[in-house]
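Numbering follows the UniProt record's numbering, with no gaps: position 133 of the sequence shown is 133.
Some hints here could point you the wrong way.
[What the hints assert, rightly or not] Cβ pair distances, simulated, as ranges:
1. 312 - 191: 29 to 37 angstroms
2. 108 - 236: 52 to 60 angstroms
3. 197 - 242: 50 to 58 angstroms
4. 326 - 247: 40 to 48 angstroms
5. 230 - 258: 23 to 31 angstroms
6. 258 - 144: 16 to 24 angstroms
7. 234 - 335: 16 to 24 angstroms
[Stated by the list, open to error] Below, a list of computed lysine-lysine pairs in the BS3-like style, where the Cα atoms sit at most 27 angstroms apart:
8. 213 - 223
9. 176 - 213
10. 335 - 324
11. 163 - 95
12. 176 - 163
13. 324 - 306
14. 346 - 335
15. 223 - 324
16. 163 - 223
17. 163 - 211
18. 281 - 292
19. 292 - 213
20. 215 - 292
Note that these hints are calculated values from the structure, not bench results. The beta carbon of each residue, even a glycine, is placed where N, CA and C say it ideally should be.
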Amino acid sequence: MLCVGRLGGLGARAAALPPRRAGRGILEAGIRARRVSTSWSPVGAAFNVKPQGSRLDLFGERRVSGAGGAPLSPRGLFGVPELSAPEGFHAAQEKALRKAELLVGRACSTPPGPQTVLIFDELSDSLCRVADLADFVKIAHPEPAFREAAEEACRSIGTMVEKLNTNVDLYQSLRKLLADKKLVDSLDPETRRVAELFMFDFEISGIHLDKEKRKRAVDLNVKILDLSSTFLMGTNFPNKIEKHLLPEHIRRNFTSAGDHIIIDGLHAESPDDLVREAAYKIFLYPNAGQLKCLEELLSSRDLLAKLVGYSTFSHRALQGTIAKNPETVMQFLEKLSDKLSERTLKILR
1 MLCVGRLGGL
11 GARAAALPPR
21 RAGRGILEAG
31 IRARRVSTSW
41 SPVGAAFNVK
51 PQGSRLDLFG
61 ERRVSGAGGA
71 PLSPRGLFGV
81 PELSAPEGFH
91 AAQEKALRKA
101 ELLVGRACST
111 PPGPQTVLIF
121 DELSDSLCRV
131 ADLADFVKIA
141 HPEPAFREAA
151 EEACRSIGTM
161 VEKLNTNVDL
171 YQSLRKLLAD
181 KKLVDSLDPE
191 TRRVAELFMF
201 DFEISGIHLD
211 KEKRKRAVDL
221 NVKILDLSST
231 FLMGTNFPNK
241 IEKHLLPEHI
251 RRNFTSAGDH
261 IIIDGLHAES
271 PDDLVREAAY
281 KIFLYPNAGQ
291 LKCLEELLSS
301 RDLLAKLVGY
311 STFSHRALQG
321 TIAKNPETVM
331 QFLEKLSDKL
341 SERTLKILR
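Start from the sequences and build out the full structure, keeping to the hints where you can.
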């Protein structure tokens, strides 16, 4: 309901993309050298311009200016003063949750109309501002304290979102609006579409269930959030092997830690095929903890889907998307495989 487009809740709204390596390159072997531009594109340049004058902060409020009207210097993560220390995430989440409670009360007491949708949108924005930022920091920040604080903020706000997705009073305030044809016709197309998306999230979250089953749906959604986060974090962990199991000329290509060799990637750039083979087999060796986490995640997703009325989790996840259903996705994948198979076989030969 509140973070439209989320994956299993708030899980993946902020995708952490690996940074591209910048640099200059030349084409050798008789080919004329070519200059590679390292300047920013217009969009990139605009994105990196420091904001001038007053601006909205993480909570959608106007940031107070310093002496003489000059804007305060941003000192925390992403220019958010509250995030100059890990403890700031707790303060940010608490402020967002308090604001959410006030907006819920306002949404439930406001007569049906365009204002209802605006309040819902503000409610979504107030939570997702903090959740999206925390979702990125928990993956990308080099300091464990920041990652842990961001993880807790994600979990706290994610839990609130799932509770709101099954809040009957909140649902009724939106249902009354959409049930009134005269009011719906008075909405502009964008506002109407936003209202429909919020209603859709209510429906796939189990708003139609009784109180006990709604609570079960919330618990499953929160569990799925936790398992998804744990599994994704685990995919980045290095693997290790005892030193004596690798020949000297291979293990010197990897990091050593006591009696073990640490493999932290596939080493696909290595010119030695034996090094690449060792890295591939060790780094991707099945991890019992990861497999258990994945099995529990898939099981929880299946339980949630069936609880709210879907035959599988994929049917629930794809409803309302351009793909529509798992059958369409499978047809696309099979057709793509057929188109690429001949070219792939040529490369492998």
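Hint check:
A C-beta distance of roughly 33 angstroms is found between residue 312 and residue 191, which places it inside the suggested range of 29 to 37 angstroms. Judged by the Cβ atoms, the range 52 to 60 angstroms given for residue 108 and residue 236 is violated: they are separated by roughly 42 angstroms. At roughly 53 angstroms, the beta-carbon separation of residue 197 and residue 242 lies within the given 50 to 58 angstroms, and the hint holds. A hinted range of 40 to 48 angstroms for the beta carbons of residue 326 and residue 247 is consistent with their spacing of about 46 angstroms.
For residue 230 paired with residue 258, a C-beta distance near 26 angstroms keeps the hint of 23 to 31 angstroms intact. Between residue 258 and residue 144, the C-beta spacing of about 21 angstroms keeps the proposed range 16 to 24 angstroms intact. Between residue 234 and residue 335 the Cβ separation comes to about 33 angstroms, which falls outside the hinted range of 16 to 24 angstroms. For a cut-off of 27 angstroms, the pair hint linking residue 213 to residue 223 stands: about 15 angstroms separates their Cα positions.
Only pairs whose Cα atoms come within 27 angstroms are accepted, and residue 176 paired with residue 213 is accepted, the gap being roughly 23 angstroms. Between residue 335 and residue 324 the alpha-carbon distance is near 17 angstroms, which keeps this suggested pair within the 27 angstroms criterion. Under the criterion of a C-alpha separation no larger than 27 angstroms, the hint pairing residue 163 with residue 95 is consistent with the structure, at around 17 angstroms. A distance of roughly 20 angstroms separates the Cα atoms of residue 176 and residue 163; the hinted pair therefore holds under the 27 angstroms criterion.
For a cut-off of 27 angstroms, the pair hint linking residue 324 to residue 306 stands: about 18 angstroms separates their Cα positions. Among the hinted pairs, residue 346 with residue 335 is consistent with the structure: their alpha-carbon atoms are about 18 angstroms apart, no more than 27 angstroms. At roughly 26 angstroms between alpha-carbon atoms, residue 223 and residue 324 fall within 27 angstroms of each other, so this suggested pair holds. Our distance criterion of 27 angstroms between C-alpha atoms is met by residue 163 and residue 223, whose separation comes to about 13 angstroms.
A hinted pair counts as satisfied when its Cα atoms are at most 27 angstroms apart, and residue 163 with residue 211 qualifies at roughly 12 angstroms. Restraint check: the Cα-Cα separation between residue 281 and residue 292 comes to about 20 angstroms, which is no more than 27 angstroms; the hinted pair holds. Note on residue 292 and residue 213: the hinted pairing holds, with a Cα-Cα distance of about 26 angstroms set against a maximum of 27 angstroms. With a CA separation close to 25 angstroms, the supplied pair residue 215 and residue 292 stays within the 27 angstroms bound.
When each numbered hint is compared with the structure, violations occur for hints 2 and 7.
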